[in-house]
Amino acid sequence: MFQDPLPRSELSLRGAVVLACAALAFVIGIARTDGALASVGLILASLIPLARWLGRNNLRHLILNCHAAPRAMAGQPFPVLLEMQRVSGNARAHAIQACISLPGGSSHFCAFDGIDALSVTPRKESFALPQRGEMRELPYILHSDFPWGLWKHTRLGAIAHSLCVYPRPLVSKKLSIPGLWREASEMAGASMAGASGDIRGLRPWRAGDSLKRIHAAASARAFARGSGLIMVETEPPGFSPRHVTVLFHSYAGERAIIRPELFERALSYLCGTLRTLSHLAIPATMIADFDGWIEHSCRNRKELISLLEHLARVRRHQGTELHELQRVQRLIEGDSSLIVISDLPTDSWRSALIKREMPSLVLPVRPSAIRREITHTKR
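Residue numbering for the sequence shown follows our numbering, starting at -15 and increasing by one per position.
None of these hints come from the bench; they were simulated from the model. C-beta atoms are modelled at their ideal positions from N, C-alpha and C, and glycine is treated no differently. Please note that a few of the clues may not be correct.
If you anchor each label on the Cβ, the simulated ranges turn out as follows [claimed, not checked]: (1) Trp37 with Ser110: 18 to 28 Å; (2) Glu121 with Leu(-5): 28 to 38 Å; (3) Ile338 with His145: 38 to 48 Å.
Could you build the full structure based on these sequences and the hints that come with them?
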């Protein structure tokens, strides 16, 4: 059932000036026995309650709806279709401004010039989502100073639309260089791939795919069946790891400076790393201290989406201990490649890495750049 909360009204600066002028005109008119001036004061004063009544009814019976995808990526434009609906009443609504609260603490402002009675007014918008987050519904505030700007009217509401914003994916430049996972000779934990350029298979088109990889014949057949473009998936050259473990932690030694903004940036690199491994069809497992060192598998697109939704709502773990970090490293399979990401300076926790048969890939997170270091560390 639709609930229509009463708008809240606050006298604006213009309204206060009009009210003061009305009172002054009425007092002077009475003092000078000037009926015309006193009448002007009464007319001006009567505009104040009339404007309040009209403005409050202008915001009544309005519903804001949203048609959009349930998931988005931080840092990327998010197109939506907003609809303002007047569910009852005979009057037209005028000059409505809406402020919608979004995940990550951001807001979106839009305006509707007029909404006819018992009708829907659509408006295409694009949300800016700078931060990750998740909301089960999108609260909004409707504003209006109709008519004459004498009152400021507001009404609260919520859009029944859940929205999950993934962390902005950032990929290390070194991680994307060909040959990072493919060495010149076979090693433990690696499997032989096909020759470079050999077709591994076909898959549907995904955003960001190059047009050069379109398979013309398969795409034509897909269009005949009502589907979309079909892309060619090629084999990488050389050798690829059988499995990669991505370890995220917030452990640091003494006197380490904790910078909250680096945690968000580290999550972005974690998100970008998982997406890169999924694109390369390399099975991966994520282990992090912010969810109690629970292993999360990332072997297909469904598991990747589940992981990204999980990363949208995690919080930084406080008080990670050295023995916990080393215990988790010992539990990792020896033939699994290891990527380590942290939101704290590398020098403060490098000594916590234990010696492994496979080299550890350390991705230090910095505000402006990230580099790769392959190291055999000692206890």
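* When you take the CB atoms of Glu121 and Leu(-5), is the distance between them in 28 to 38 Å? -> The hinted range 28 to 38 Å holds for Glu121 and Leu(-5), with Cβ atoms some 31 Å apart.
* Could you tell me whether the CB distance from Ile338 to His145 stays inside 38 to 48 Å? => holds, 47 Å
* Asked: That 18 to 28 Å hint for Trp37 and Ser110 (C-beta), does it hold up?
  -> Violated, at about 36 Å.
Of the numbered hints listed earlier, the single one contradicted by the structure is hint 1.
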